[in-house]
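Knowing the structure of chain W, use the given hints to seat chain G on it.
Respectively, the protein sequence lines represent chains W and G. Counting with my numbering, you get residues 9 to 225 for the letters of the first sequence. Counting with my numbering, you get residues 139 to 419 for the letters of the second sequence.
Far from chain G by the CB rule (all over 12 Å, computed), these chain W residues:
hint	residue
1	22
2	24
3	40
4	41
5	75
6	87
7	151
8	154
9	157
10	181
11	191
12	221
13	225
With a cut-off of at most 25 Å between alpha-carbon atoms, the simulated SDA-like pairs for lysine to any residue come out as follows:
hint	chain 1	residue 1	chain 2	residue 2
14	W	72	G	186
15	W	62	G	180
16	W	217	W	140
17	W	14	W	190
18	G	263	G	372
19	W	218	G	193
Read the hints as simulated data drawn from the structure, not as lab findings. Since the structure is predicted, the reported quantities are computational estimates derived from the model, not experimental observations. Where a beta carbon is used, it is the ideal one built from N, C-alpha and C, also for glycine.
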Amino acid sequence: MTLHPKSLTEELADWLAQGGRRIGEIVILPCGEGWEVRHVDDAESPASSLTAHKTPEAAREISKYDAAGQYRPLKGAPNLVHGWRLTLDTTAALRDALDFFYPAALGNWVAFTQGRATPSPIRETFARQTGMYRITGLLDEDDCRAVVADNCAYATNCRRRIAWPVAAGVPFDTLPPEKTNLEPAPDEMPVLCLHACSLLVASARTYIKKKRAAAGQ
Amino acid sequence: MADSSVSSSTWRDAALVILGHGSTQNPDSSTPTWQHADELRRRGLFREVQCAFWKEEPGFREVMHMIDSDHVFVVPNFISEGYFTRDVLPRELELQGPVTHAGGRTIRYCDPVGIHPSMTRLLLKRAAEIAPGVPPSEISLVIVGHGTSLNENSTAAIKSQVELIRASGAGFGEVVDAYMEEEPLIARWDELTTAPNVVVVPFFIADGLHSYEDIPVLLGLTENSPGAISANQGEVFRRNPYALRGRQLFYSAAIGTDELMADVIMDQVAAAPQESTSPAA
Numbered sequence: 009m010t011l012h013p014k015s016l017t018e019e020l021a022d023w024l025a026q027g028g029r030r031i032g033e034i035v036i037l038p039c040g041e042g043w044e045v046r047h048v049d050d051a052e053s054p055a056s057s058l059t060a061h062k063t064p065e066a067a068r069e070i071s072k073y074d075a076a077g078q079y080r081p082l083k084g085a086p087n088l089v090h091g092w093r094l095t096l097d098t099t100a101a102l103r104d105a106l107d108f109f110y111p112a113a114l115g116n117w118v119a120f121t122q123g124r125a126t127p128s129p130i131r132e133t134f135a136r137q138t139g140m141y142r143i144t145g146l147l148d149e150d151d152c153r154a155v156v157a158d159n160c161a162y163a164t165n166c167r168r169r170i171a172w173p174v175a176a177g178v179p180f181d182t183l184p185p186e187k188t189n190l191e192p193a194p195d196e197m198p199v200l201c202l203h204a205c206s207l208l209v210a211s212a213r214t215y216i217k218k219k220r221a222a223a224g225q
Numbered sequence: 139m140a141d142s143s144v145s146s147s148t149w150r151d152a153a154l155v156i157l158g159h160g161s162t163q164n165p166d167s168s169t170p171t172w173q174h175a176d177e178l179r180r181r182g183l184f185r186e187v188q189c190a191f192w193k194e195e196p197g198f199r200e201v202m203h204m205i206d207s208d209h210v211f212v213v214p215n216f217i218s219e220g221y222f223t224r225d226v227l228p229r230e231l232e233l234q235g236p237v238t239h240a241g242g243r244t245i246r247y248c249d250p251v252g253i254h255p256s257m258t259r260l261l262l263k264r265a266a267e268i269a270p271g272v273p274p275s276e277i278s279l280v281i282v283g284h285g286t287s288l289n290e291n292s293t294a295a296i297k298s299q300v301e302l303i304r305a306s307g308a309g310f311g312e313v314v315d316a317y318m319e320e321e322p323l324i325a326r327w328d329e330l331t332t333a334p335n336v337v338v339v340p341f342f343i344a345d346g347l348h349s350y351e352d353i354p355v356l357l358g359l360t361e362n363s364p365g366a367i368s369a370n371q372g373e374v375f376r377r378n379p380y381a382l383r384g385r386q387l388f389y390s391a392a393i394g395t396d397e398l399m400a401d402v403i404m405d406q407v408a409a410a411p412q413e414s415t416s417p418a419a
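Just chain G, with the same shape it has in the complex:
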């Protein structure tokens, strides 16, 4: 949990802006971001809470017009550091660095949610929920990401979580990372794991094509029939456990859909960059 003593008096006069990718195709893409914003509004910690998206409205370039506050905390609801958090978001928000002074406003640009160590708490909770009654020692926990040869950072957050969970004392038989498009490939999940029970948690911000369809196909949960799973959306998460390749496999929804993500957003706000000494613009 965020330390409520950290700057909490500042928050009440400030705006929280949560940035998401969004989608012009998938109506579920922005849903978790909105839900986390709704939850944080209910808590009344901030004067105002807004969302903005790359592929939906409001866009990044207009969100600052939607708020009244002079102090703004910006939290990217993104799973890793990379192209979006380092290039696109600062460019579109016209940020000058971790702390920006512009037009009489102070904007603090926080790290993306996915790289906060508290994501570990969510992964442990999700693993316990999805395979109730199964001793952790008999579980291979697989955290699956997209992976891409274009950006080594896309796997860094997952590798970090694997290490944190191994060191957490949670007692899993093993904890491994796997990816859709780079080694170790999730399609070889049965070779990567040894326990009789395998829990697969997609390390994504939202459910969509990857979690509804692509990963289930790679896991062998379903035939490769484009659109068949997406039509039923969350159905693939409700058929656990799957008996497959001599194991019992439990498949989770995207970690970013967990309601505790609101706490991770607050953890990133609590870790916001401090006031710089640069003069106001």
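Chain W on its own, in the form it takes in the complex:
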């Protein structure tokens, strides 16, 4: 039995064949029989001005620190470093590199567009937390909107696009469209957020603890 008719590499090849070129802050350029990946701002730069890399694993190192040398635990953060180019011989190698630049972006997008991925409403994500994060279950709908507005801004915090509602039947209609538009330009694959990340859960914990302390609880 085969779960999916096409592998993710074949899905990626199809997207590229249809003109797909951009994911998050990176651009994918045809290069001989393979591909070259760059920061989108470096798309027109002379190749000689960019540091050359040749393995998918290089993507993991390129995306690990920002220009100031700070660790990037959130790969959706819009601070990918400039000044590099990554040439890859095959679409399979490109797939591996993409999973280092934007982990699970390809798989999430394929699963979501094929109806195999169900985003978790953020209140459900918070409600299922245990241990030190159990307290996030106390955030109400307005609290959820406030925490997301503070932590997930597209321009400054994270390039993932939110696919989850506040609660079942309660859409996230208070966010700018750029954060919730799941069908951007035809050449762009959206980096989907199907479930609130651990950074947001941690921020929600800080938020509700402060709120309760201010209320004397």
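Coordinates of chain G only, in the frame set by chain W:
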């Protein structure tokens, strides 16, 4: 080593997913997990190898979207059984038990690496590497863990390793367990040991604040100046031996950074739960 005859033909059509804790603060936290995945990819035993993390990306809830295979082996790169392996990981992966059938896929949930008996091999190798030329009979081997009053299982894996090494015939003068936050406390290492040479091996998955800074402070290798050691990261492991409290002390990096951990992951795959009789979902 894993018995290559066990299910190896199944592996080639399957995915291996290695789960780690990860960190939003420490860039070294996930490094060993990635390195073990890279090594297992190089060996070509599986159709695909992926990692997922609690505190980093990809997250546990999205990793199944990253693989093509219908058969998946999941190995927690965690040091003990406990809250994460029993509660968090099954919940986030939506597992139904040791073997899960969901969406046409079969997922086998293996035990965490730290509880496999083959960890003994790594500890013996590490002890021999870190104190070359010192006869084992003149070494007190200390395996140090975090320890917490909240979870008795956090010390079980270490106590088990101590027993295995004592029974292994390796000939150490003594082998003891010690912890950062519960008795016997690592801070009293000189009272817990008697040999002239003391080898301390942190039983952790990765190097980080505990191995770079907290344990060295408790051992007395360094002053308590937060950030001073972390800034130099592995430097504390390169100054062996330390002359301290009338002994010669050798301090190791976290056991989980050893390249042989890839073999322990394979040992857990070889011991994966067998197919259940429950119908496919």
